[in-house]
Structure formats: C-alpha cells, structure tokens
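Take these sequences, add in the hints, and give me the full structure.
Protein chains: 2
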Amino acid sequence: MIGIFDSGVGGLTVVKEIKKLMPDVPIIYFGDTARLPYGNKSRETIQKYSSEIVDFLKSKGCQTIVIACNSASSVAADYLREKYSELNILDVVSTGARIRRGKAKKVGVIGTTATISSGIYKKKISKLDSNMEVYTQACPLFVPLVEEDWIRRPETKKIVRTYLRELKLKKVDTLLLGCTHYPLLEKIISGVMGKRTKVITSGEKLAEKLRADLRGDSISIVEIESPAEDKYFVSDLKNKNKKLAGMILGKKIKIKKIDL
Amino acid sequence: MIGIFDSGVGGLTVVKEIKKLMPDVPIIYFGDTARLPYGNKSRETIQKYSSEIVDFLKSKGCQTIVIACNSASSVAADYLREKYSELNILDVVSTGARIRRGKAKKVGVIGTTATISSGIYKKKISKLDSNMEVYTQACPLFVPLVEEDWIRRPETKKIVRTYLRELKLKKVDTLLLGCTHYPLLEKIISGVMGKRTKVITSGEKLAEKLRADLRGDSISIVEIESPAEDKYFVSDLKNKNKKLAGMILGKKIKIKKIDL
Chain A
1 MIGIFDSGVG GLTVVKEIKK LMPDVPIIYF GDTARLPYGN KSRETIQKYS
51 SEIVDFLKSK GCQTIVIACN SASSVAADYL REKYSELNIL DVVSTGARIR
101 RGKAKKVGVI GTTATISSGI YKKKISKLDS NMEVYTQACP LFVPLVEEDW
151 IRRPETKKIV RTYLRELKLK KVDTLLLGCT HYPLLEKIIS GVMGKRTKVI
201 TSGEKLAEKL RADLRGDSIS IVEIESPAED KYFVSDLKNK NKKLAGMILG
251 KKIKIKKIDL
Chain B
1 MIGIFDSGVG GLTVVKEIKK LMPDVPIIYF GDTARLPYGN KSRETIQKYS
51 SEIVDFLKSK GCQTIVIACN SASSVAADYL REKYSELNIL DVVSTGARIR
101 RGKAKKVGVI GTTATISSGI YKKKISKLDS NMEVYTQACP LFVPLVEEDW
151 IRRPETKKIV RTYLRELKLK KVDTLLLGCT HYPLLEKIIS GVMGKRTKVI
201 TSGEKLAEKL RADLRGDSIS IVEIESPAED KYFVSDLKNK NKKLAGMILG
251 KKIKIKKIDL
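Those protein sequence lines, which keep their order, are chains A and B.
Numbering follows our numbering, in which position 158 of the first sequence is assigned residue number 158; successive positions increment by one, without gaps.
Numbering follows our numbering, in which position 119 of the second sequence is assigned residue number 119; successive positions increment by one, without gaps.
Just to be clear, a hint being listed does not mean it is correct.
Copies of the same chain look alike in the list, so a pair counts if it works inside one copy or between any two.
[To be verified] With a straight-line cut-off of 25 Å between C-alpha atoms, the simulated SDA-like cross-links for lysine to any residue are: (1) K168 - P154; (2) K158 - I188; (3) K158 - G191; (4) K198 - Y79; (5) K58 - K195; (6) K198 - K240; (7) K256 - Q47; (8) K187 - T162; (9) K242 - S118; (10) K158 - E186; (11) K238 - S117; (12) K209 - V199; (13) K122 - R153; (14) K171 - K198; (15) K157 - V192; (16) K158 - Q137; (17) K168 - L87; (18) K198 - I258; (19) K19 - K251; (20) K198 - D78; (21) K251 - S42; (22) K48 - I258; (23) K158 - V192; (24) K256 - L214.
Derived by calculation from the structure, the hints in this document are not laboratory data.
Written out as structure tokens, the structure reads:
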C-alpha cells in the first residue's frame with residue numbers, strides 16, 4: 001500500500017503520474033486541505049503537520065510514503081526519514097532533481113516560496129551533476145490562480161510572463177515544475193517559455209523512481225492479483241476540492257473527510 | 001482587555017482602526033498564521049479553529065472578543081456567541097453591515113469566497129435597510145496578492161479591474177471592503193471605482209461600534225490610567241508575517257509564536 005500526501009488535492013497530479021505507470025498499485029491519499037497551503041508556513045510547522053499525516057498513513061498499513069507536496073519535501077523529507085526509519089519515504093524534490101542531461105546544461109526550477117527559498121532543488125541538482133547551471137524562481141501566485149480555476153485567463157498569462165521573464169532570458173533548456181499545482185498551468189508555461197525549453201513535472205519523475213523501487217521489492221506490489229481499492233482522504237472537504245480533484249484525475253472519486 | 005483575532009496578521013488593519021479611535025485600550029491579538037487562510041475552508045473547520053482561539057483569548061482574561069476575520073465572522077460569529085454567552089463578541093460583518101445611508105442606495109461588498117458565498121453581508125445590510133440595493137463580488141486573489149506584496153503591480157491593477165467590472169457597471173455609490181487584507185489595496189480599488197464611489201472598510205465601522213460599547217460599560221476601559229501592554233500572538237511566525245504586520249501598523253511590534 002502506497003501512502004501519498006500533499007497539503008491539498010494538488011498532489012493528485014502525482015497520483016495521476018503514478019497511475020499512468022502502474023495502474024493497479026493500491027494507494028491511500030491524504031490532502032491536508034484544512035491547513036493548506038504549506039508553501040507559506042515555517043519549517044517547524046510543516047514538519048509537525050507532515051508527521052501527523054505519516055502517523056495516519058502508517059496506521060492504515062502504508063509501508064511506502066510519497067511526499068507529493070514540494071514544500072513538505074523541501075523542509076520535512078529528511079526529518080521524516082530519520083523519524084520513520086522503518087518506512088520507505090520518497091519525495092518529489094529528491095526524485096525531481098534527477099534531471100537527465102541531454103543537451104540540458106541550464107535548468108530552471110519554479111515552485112512556491114518555501115520550496116525555492118529552501119534552496120533544496122539547486123543543492124540536489126548540483127550534487128547530482130555539478131556542471132548543470134540551475135536557475136530558480138518562486139511563483140507564489142500560481143497556486144491561488146489554479147485554485148480559483150483562472151487557468152485560461154489573460155491575467156494569468158500576464159503573471160506567468162512576469163514570473164518567467166528571468167528564466168527565459170537565461171535560456172534554460174529544461175524547466176522543472178516544482179509544485180504539484182503547476183502541471184495545470186503547463187500549457188501557458190510551455191507557451192511562454194517557447195519550443196526550445198522542455199517542461200517536466202516532478203510528479204512524472206517520482207512515478208519513475210517509485211516503479212523502479214517496487215520492481216526491486218521481493219513482493220511485487222505491481223503484480224498483485226486483486227488490487228485493493230484506492231482511498232482518498234482530506235482534512236477539510238469543499239466542493240472546490242472535489243472539482244479540482246476531478247479536473248486533475250479526469251474522473252470523479254470518492255473523497256472522505258477525517259480529522260487527524 | 002480586548003481580544004482580537006484573525007486567520008493571519010491582516011486583522012491588524014482592524015487593530016489600527018481601533019487604536020485610531022482608542023489609543024489606550026489594551027488589546028491581545030491572535031493571528032492563526034499556521035492555518036491561514038480561512039476563506040477557502042469549510043464552515044465546520046472555521047468554527048472549530050475560532051473556538052480554539054476564543055478559548056485562548058478567554059484564558060488571557062479577555063471579556064470582549066473582536067472577530068477581525070470576515071470569513072470567521074460570516075460563518076462562526078453566531079456559533080461563538082451561543083457557545084460563549086458570557087463574552088461580548090463583536091464581528092466585522094455585523095458592524096460592517098451598518099452602512100449609513102446618505103445618497104447611498106446602491107452598495108457593493110467585496111470579500112473572500114467564504115464571506116461572499118455565505119450571503120451574510122447581503123442579508124444583514126438588507127435587514128437594516130430594506131431599500132438598499134446590495135451587490136457582492138468575491139475577489140479570492142486579493143489576499144495572495146497582498147501577501148506577496150504585489151500591491152503596486154500592474155498585474156494587480158488588471159486583476160482589480162476584472163473583479164470590480166460588474167460593480168462599476170452597477171454604479172454602486174458605496175463599496176465596503178469586506179476583508180481585512182483589502183485596505184492595503186484601497187488606493188488601487190478607489191482608483192478603479194472612481195470618485196463617485198465611497199470606499200469604506202469593515203475595520204473602521206467595527207472600531208466605531210466598539211467605542212460605543214465601551215462607553216456604555218460601567219467600567220470605562222477607555223479611561224484606565226495605566227494601560228496594559230498590547231500583546232501579539234501568532235500560531236506560525238515567518239518574516240513575511242512580521243513584514244506585513246509592520247506594513248499595516250506602520251511600526252515594529254513584538255510578535256510571539258504559540259501553539260494553541
């Protein structure tokens with residue numbers, strides 16, 4: 001059983017990528033909608049909230065935990081790995097940083113203020129490939145724009161242009177979307193960056209790593225015969241959450257509200 | 001001792017209005033920055049969070065509570081008044097709705113999605129003056145724009161124009177800013193609405209009501225000789241919170257982080 005969590009329902013973009021590669025792997029999702037967003041909160045608070053969620057997922061029998069939230073990955077992943085050494089904990093930042101180098105010598109990373117100001121992407125990418133030039137940009141308004149479903153608005157395009165101006169001038173050849181909400185703006189972002197920049201998401205890179213991990217397991221969860229039902233939980237349930245979940249997954253799901 | 005709370009530090013715009021009328025009244029402020037914003041959360045969750053805060057303010061000796069958060073005022077004020085019948089509870093929505101009628105026959109109210117979709121301003125204003133035409137508009141992006149300090153940006157002006165288009169067409173003669181963050185955008189909003197629309201804030205109307213209440217009290221808190229020190233608490237403390245607090249109050253204050 002894979003436990004996946006995010007500050008909200010945005011992490012379902014990661015679930016979508018996982019299901020693309022492994023349709024039958026059973027998952028339990030938790031979205032902390034009662035306390036979202038995490039991107040503007042302190043390290044200490046994000047660690048506390050993340051621990052509470054991991055306790056919940058563990059109690060549901062999850063052995064593998066996916067931190068689908070970039071802000072939590074940035075400031076709480078190492079903390080959680082130390083605290084829960086018995087669990088296999090993957091996070092979108094560590095996997096997102098594994099950028100394959102084709103012609104790519106200049107990579108851009110965008111995310112929330114918490115993610116970008118932590119400097120973690122830059123550190124991790126440079127550690128894996130010290131010749132890679134890394135440019136980062138916080139885009140704190142992207143999440144509220146997606147949450148408001150302003151995805152096709154001219155105002156949004158203007159804001160995307162403003163945020164990406166520097167990265168465009170740097171001529172990055174790869175742009176990593178370091179926030180679960182950003183794939184919903186992928187079209188506008190790709191349009192603004194132009195054809196020479198390849199846009200990739202941290203979710204697709206996480207799904208690849210998860211598949212590799214599971215294939216290495218003695219019990220191959222990918223091949224179990226009667227897959228368990230996927231379960232979706234949130235700490236606060238509103239119509240907007242349901243709508244966004246449907247928009248991301250392209251289907252209706254049952255979401256249950258629970259108090260942690 | 002007056003206890004004032006908001007989902008974040010935005011409620012300090014209400015503190016500012018109170019201090020303008022009553023510089024010496026001692027206050028305790030609580031901003032729930034670990035769980036903000038409230039505007040996109042459910043009624044049940046907002047009621048739970050508000051109760052926890054009122055318990056805290058009560059434990060600090062507050063007899064009068066000011067709900068500076070419009071979202072909490074909209075969905076939790078009556079609930080809190082019933083639960084804490086021993087306290088005098090004022091909220092920015094009930095006081096904001098007392099719009100004096102000059103030539104004003106058409107009033108516009110803007111706020112977060114939670115505030116506007118609750119319909120409470122419309123209901124309260126119509127109850128006080130059934131001849132008043134009330135038009136409302138949710139402006140969910142205003143809070144993140146203020147939080148990001150995009151107060152003087154052309155993108156912000158464009159978004160303000162988009163949100164206010166309908167109210168401008170209705171030719172409202174009064175516009176009530178029904179969210180604690182909006183006074184920080186007052187200049188842009190006034191500019192977009194034009195000279196014929198008077199822009200008022202819910203904070204200034206609350207301060208007037210509070211002064212009237214305190215004057216009616218047997219012990220006049222306004223006239224105590226050695227005022228207690230004001231105290232400011234938040235549930236999560238970041239530099240951004242401190243910066244916004246300073247921007248609102250025009251001075252540095254000591255803010256203490258506590259867990260509820």
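- Message: Hint compliance check: list the failing hint numbers for this structure, sorted ascending.
- Response: 4, 5, 6, 13, 17, 18, 20, 24
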